[in-house]
Amino acid sequence: MPLPWIKMWLESLDDPKLTRLSLAERGAWWGLLELAGKCDAGGKIVSGGQGLDIDEIADALHIKTAGDRQSLESMVVNMEKRGSLAWNDNVLTVVHWEERQRVPPSSRPEAVAERVRLYRQRQKKSSEGESGELAAISKLYEDNIGVLTPMAAEDLKDIAARYPPGWFKDALKEAVSAGHRNIKYITAILERWKVEGFKSPKKGGKADGKHQRGNEEPTDEEYEQSLK
1 MPLPWIKMWL ESLDDPKLTR LSLAERGAWW GLLELAGKCD AGGKIVSGGQ GLDIDEIADA
61 LHIKTAGDRQ SLESMVVNME KRGSLAWNDN VLTVVHWEER QRVPPSSRPE AVAERVRLYR
121 QRQKKSSEGE SGELAAISKL YEDNIGVLTP MAAEDLKDIA ARYPPGWFKD ALKEAVSAGH
181 RNIKYITAIL ERWKVEGFKS PKKGGKADGK HQRGNEEPTD EEYEQSLK
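Read in UniProt numbering, the sequence shown has 107 at position 107, and its numbers run on one by one without any break.
Bear in mind the hints are in silico, worked out from the structure with no lab data behind them.
The beta-carbon is built from N, C-alpha and C at its ideal position, and this holds for glycine as well.
Among the hints, erroneous ones may be present.
Unchecked claim - With a straight-line cut-off of 16 Å between C-alpha atoms, the simulated EDC-like cross-links for lysine to aspartate or glutamate are:
{"hint": "1", "residue 1": "K38", "residue 2": "E98"}
{"hint": "2", "residue 1": "K7", "residue 2": "E99"}
{"hint": "3", "residue 1": "K38", "residue 2": "D59"}
What the hints assert, rightly or not - Restraint ranges, calculated between C-beta atoms of paired labels, are given here:
{"hint": "4", "residue 1": "W30", "residue 2": "G132", "range": "50 to 60 Å"}
{"hint": "5", "residue 1": "G146", "residue 2": "G197", "range": "27 to 37 Å"}
{"hint": "6", "residue 1": "V116", "residue 2": "D53", "range": "30 to 40 Å"}
Using the sequences plus the hints, can you model the full thing?
Here it is, written out as structure tokens:
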């Protein structure tokens with residue numbers, strides 16, 4: 001799951017509200033913003049629905065020294081005066097939090113996690129589909145062309161990923177009809193179909209408006225006979 005985050009606006013580098021703070025006070029300010037982000041309550045510094053007092057805030061920010069505690073307190077006073085913090089019903093609140101830090105629903109951790117889950121699910125289905133197609137065309141290759149060499153296996157893996165299921169079988173059928181039982185010829189057929197459309201005729205495959213018998217696709221019966 002992605003880590004929670006808050007926005008850090010570059011304009012804050014020159015914002016008079018912040019430049020008038022000491023470096024330690026600015027550190028306390030950014031720590032408070034991080035705490036507000038962690039609370040995820042629209043800018044309210046709360047835990048279990050209850051507002052945190054200054055002691056609890058100091059503990060949450062891991063403040064250990066009197067100097068750092070003083071910087072936190074003076075920062076809260078100054079930023080309250082400047083309209084960036086407010087105590088509402090004993091709850092310290094970062095003003096304009098939603099406007100400046102709102103996270104769209106699609107970016108929230110649970111939404112991101114759901115997108116990742118769906119993506120992995122699609123990838124798994126795609127992989128399973130490719131594996132099934134690869135097994136099918138590998139068997140066709142061995143039954144009709146010969147021993148499946150490592151190089152041929154790589155070619156078939158590429159074919160399974162690049163072309164729709166069933167195309168290899170029909171391309172093999174056309175290759176057998178033409179007397180070319182090799183992967184190079186089959187790949188050329190697949191590329192032609194990819195560009196010109198599935199089962200598009202080979203150029204020059206017609207004469208006098210009729211198919212030449214030598215260029216016609218064999219019937220299923222003829223195809224089965226040719227494989228015997």
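For each hint, the structure was consulted:
1. K38 with E98: Cα-Cα ~14 Å, so holds.
2. K7 with E99: Within the cut-off at roughly 11 Å; holds.
3. K38 with D59: Measuring from Cα to Cα gives roughly 14 Å; hence the hint holds.
4. W30 with G132: 50 to 60 Å: holds (54 Å)
5. G146 with G197: 27 to 37 Å: holds (30 Å)
6. V116 with D53: 30 to 40 Å: The hinted range 30 to 40 Å holds for V116 and D53, with Cβ atoms some 39 Å apart.
The earlier numbered hints are all upheld by this structure, with none contradicted.
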